[in-house]
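**Student:** Sequence:
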Amino acid sequence: MKRGKKLFLGIGLVVVLAAAAAVALKGWGTEVETVSVARGDITRTVVDTGYVQPATDHELYATQTARVIGVPVKTGQTVARGQTLVVLENLDLAVQIKDTQRQISQGNAAAAATSAARQRIELELRSAQENFSRTEALYQSGAVSQVEYDQAKLQVDTLSQSLAEQDSQIVSSHALVGGLSQTLQQLNAKEKQLVVASPAAGAVLSLPAEVGQVLNPGSLLATVAAPDSLEVKADILSDDLAEVAEDQKVNITAPVLGGKTLTGRVKQIYPGAEEKISALGVSQRRVPVIIALDEIANLRPGYEVKVAVETKTAQNVLLAPLEALRTTTGGQKEAMVVVDGAVSRRPVTTGLSDREKVEITSGLSAGDVLVRDSSLNLPDKAKVKVITR
1 MKRGKKLFLG IGLVVVLAAA AAVALKGWGT EVETVSVARG DITRTVVDTG YVQPATDHEL
61 YATQTARVIG VPVKTGQTVA RGQTLVVLEN LDLAVQIKDT QRQISQGNAA AAATSAARQR
121 IELELRSAQE NFSRTEALYQ SGAVSQVEYD QAKLQVDTLS QSLAEQDSQI VSSHALVGGL
181 SQTLQQLNAK EKQLVVASPA AGAVLSLPAE VGQVLNPGSL LATVAAPDSL EVKADILSDD
241 LAEVAEDQKV NITAPVLGGK TLTGRVKQIY PGAEEKISAL GVSQRRVPVI IALDEIANLR
301 PGYEVKVAVE TKTAQNVLLA PLEALRTTTG GQKEAMVVVD GAVSRRPVTT GLSDREKVEI
361 TSGLSAGDVL VRDSSLNLPD KAKVKVITR
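Sequential numbering of the sequence shown, starting at 1, is according to the working numbering.
If you are wondering where the hints come from, they were derived from the structure by calculation, not from laboratory data. Only a predicted model underlies this, so the values are computations on that prediction, with no experimental measurement involved. Do not rely on the hints blindly, as some may be mistaken.
[Said to hold, decoys possible] Heads up, simulated BS3-like pairs for lysine-lysine below, C-alpha to C-alpha not over 27 Å straight-line:
#1 Lys-312 / Lys-333
#2 Lys-260 / Lys-190
#3 Lys-381 / Lys-333
#4 Lys-383 / Lys-333
#5 Lys-190 / Lys-267
#6 Lys-192 / Lys-98
#7 Lys-249 / Lys-233
#8 Lys-260 / Lys-233
#9 Lys-74 / Lys-98
#10 Lys-267 / Lys-233
#11 Lys-260 / Lys-312
#12 Lys-98 / Lys-190
#13 Lys-276 / Lys-333
#14 Lys-381 / Lys-312
#15 Lys-260 / Lys-249
#16 Lys-276 / Lys-249
#17 Lys-357 / Lys-333
#18 Lys-306 / Lys-249
#19 Lys-192 / Lys-267
Throw the hints in and build the complete structure from the sequences for me.
**Tutor:** See below:
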């Protein structure tokens, strides 16, 4: 009997302690790790895989539809930087240039004629104004009739209108010639591309272009090997290429480099995409991008590397960890801010992001304390206990 009583008392004590613990825990709230919003710099990158190759390989491609009319070098020949490798002909382009030049000449002639006419009208207007001044004085004294007065005034008004029309025509002519001049500059730039020169001193490795061939944009013309150096070729998804531009900074990492990160620059973006099959067998459209290395360290041709092209940078902006933000069912991003031991859910807007953090453009301030793990999805005003791990 006593034993049963003790057992009952023991069970009761456990229940009481469990209830007390539950109450205590409820009072303490959910244990959470936190992180503070702080200012810093963030860079958006396009990350992909690349392969080290000799920088001696300069592949030159046709930029427009054209016919090969000259190949003044041979495969294996040593060439200097700027030496002509292939000469192309684009008859349509030549016609466009000639036609644009003709239109510019006509526009300049029209502008000159209009300017001459304006000068003549300006002289006539000056004379008409002087005549009107005399006529007006005579009219007021009664020496001339109303008809004579009206005719003198009409002549001034007519010539003034003609002068304004000439000014308008001159402005239009100059605008037309200006637009045509810009077009001509663009056409001349395309014409210069018809003479394909070697970008560096070296040897001609391949020369697929043959006299008489009609080439489409993107056709390989020649490959030249420059002095010994290395570069990286990365085939980047065409969808990721929108923000990639020449001369952007690139960070290069690889297991062979250990913890060292090499830097480089986007040197060349190929004019066309190529179909590639991924490791999972998926067909993808990728654009070859050449990256010049600032140093090669212990890289060797054929090594696989990871490239990160820095496309956009924001400095001294509010930053928060990606994991501290969640997206609601309505598509709104929000953060759980800890205020006086309780959660305050706040909508936020974001800017640039990398693999770890995101720029906060509105909704938070520097020093705000956030629940690090947004997957907890705590309700508004939920009690929390901050823990440190």
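**Student:** Run every hint past the structure and note whether it holds.
**Tutor:** Okay, the hints, checked on the actual structure:
1. For the proposed pair Lys-312 and Lys-333, the alpha carbon gap of about 22 Å is at most 27 Å, so the pair holds.
2. Restraint check for Lys-260 and Lys-190: not satisfied, since their Cα atoms lie roughly 42 Å apart, outside the 27 Å limit.
3. The suggested pairing of Lys-381 with Lys-333 holds, with an alpha-carbon distance near 18 Å, which does not exceed 27 Å.
4. With a C-alpha separation of about 22 Å, the suggested pair Lys-383 and Lys-333 falls inside the 27 Å cut-off, and the hint holds.
5. Proximity of Lys-190 to Lys-267 is assessed by CA-CA distance (about 21 Å); at most 27 Å being required, the pair is judged to hold.
6. A threshold of 27 Å between alpha carbons decides the hint, and for Lys-192 with Lys-98 the separation of about 15 Å falls inside it, so the pair holds.
7. The suggested pairing of Lys-249 with Lys-233 holds, with an alpha-carbon distance near 15 Å, which does not exceed 27 Å.
8. A C-alpha spacing of about 19 Å is found between Lys-260 and Lys-233, which places the hinted pair at or below 27 Å, so the restraint holds.
9. At most 27 Å may separate the alpha-carbon atoms for a hinted pair to count; Lys-74 and Lys-98 exceed this at roughly 33 Å.
10. Restraint check for Lys-267 and Lys-233: satisfied, since their Cα atoms lie roughly 10 Å apart, inside the 27 Å limit.
11. For a cut-off of 27 Å, the pair hint linking Lys-260 to Lys-312 stands: about 23 Å separates their Cα positions.
12. About 14 Å separates the Cα atoms of Lys-98 and Lys-190, which keeps this hinted pair within 27 Å; it holds.
13. Annotation: proposed proximity of Lys-276 to Lys-333 is violated, straight-line Cα distance about 35 Å (limit 27 Å).
14. Of the pairs offered as hints, the one joining Lys-381 and Lys-312 is violated, with about 37 Å between alpha carbons and a cut-off of 27 Å exceeded.
15. With a CA separation close to 16 Å, the supplied pair Lys-260 and Lys-249 stays within the 27 Å bound.
16. Restraint check for Lys-276 and Lys-249: satisfied, since their Cα atoms lie roughly 25 Å apart, inside the 27 Å limit.
17. Our distance criterion of 27 Å between C-alpha atoms is met by Lys-357 and Lys-333, whose separation comes to about 14 Å.
18. Between Lys-306 and Lys-249, the direct Cα distance comes to roughly 14 Å. Compliance with the 27 Å bound is thereby established for this hinted pair.
19. Restraint check for Lys-192 and Lys-267: satisfied, since their Cα atoms lie roughly 21 Å apart, inside the 27 Å limit.
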